Amino acid sequence: MEISKKDLLKETGISYGQLYRWKREGLIPESWFVKRPSPTGQETYFPKERILNRIRAIQQMKDTYSLEELAKMLTPEVSNRMFTEEDLEEFSEIDIEVAALFMDVMEKDCFSFYEILVMMVISEWNQEYAFSQNTRMALIQSSAHALTHIHSHEWRMLLVQVQEDHYVLALQEPAASTNQDVWYWLDERMKILRSVSLQELSSQMKVKYKETFAFTFDEEVVS
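Per the working numbering, the sequence shown starts with residue 46, numbered consecutively.
Simulated from the structure, these hints should not be mistaken for laboratory data.
These numbers come from a predicted model, not from an experiment.
Every residue, glycine too, gets a C-beta built ideally from N, C-alpha and C.
Be a bit skeptical, because a hint or two may be false.
Have a look at the derived ranges for each label pair, beta carbon to beta carbon [said to hold, decoys possible]:
(1) Glu-134 - Gln-249: 17 to 23 Å
(2) Cys-155 - Ser-83: 49 to 55 Å
(3) Gly-71 - Arg-126: 18 to 24 Å
All chains, full assembly: derive it from the sequences and hints.
Laid out in structure tokens, this is it:
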């Protein structure tokens with residue numbers, strides 16, 4: 046779904062000048078500005094969910110960080126630092142039992158940033174829905190398998206319920222430059238309980254743990 050520039054400015058309360066300043070500073074990707082013909086000439090449109098989430102993040106952090114710091118925090122790249130078992134204890138979003146199961150299933154005790162994000166997602170769901178031991182293990186095993194394919198932030202994790210059973214679904218979202226939405230169809234017996242964007246979660250965690258881990262945000266992850 047897209048939103049026009051006119052509607053974007055109205056909904057967010059920002060000015061035309063602010064929008065294009067943030068574009069020049071690299072806070073908003075140029076590829077998100079898509080020009081389309083209109084009765085009056087041309088109109089600029091944006092991927093709605095992405096631009097609204099990005100502007101909210103900028104508004105929340107602009108008084109705390111410089112525009113240069115924000116540009117690094119909001120880019121999709123992350124540090125290629127690996128996180129040890131001791132590091133996991135620093136993340137309040139990660140449940141210790143969930144982390145232990147991930148270590149058992151993946152047979153390692155050092156994790157990438159993407160793996161940390163997925164642990165956070167499963168931990169949050171586990172806390173909210175109080176999964177049984179079997180369900181928790183099944184979700185972690187499925188997530189561990191999905192992680193063999195996840196090498197970027199452009200993924201969305203969904204918690205799906207079918208009758209009394211729960212499943213995890215990982216969807217790769219289109220690159221921002223394509224300005225496309227993710228379309229999928231589910232059997233009516235399936236209910237989506239939660240949906241989490243890894244890119245949005247990543248931006249939040251970069252800010253929260255900036256000082257703790259001294260992330261170098263402009264380094265590419267080695268896949």
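Inset, instruction - Against the earlier hints, flag every one the structure doesn't satisfy and list their numbers going up. - result: Per hint list: zero violations.
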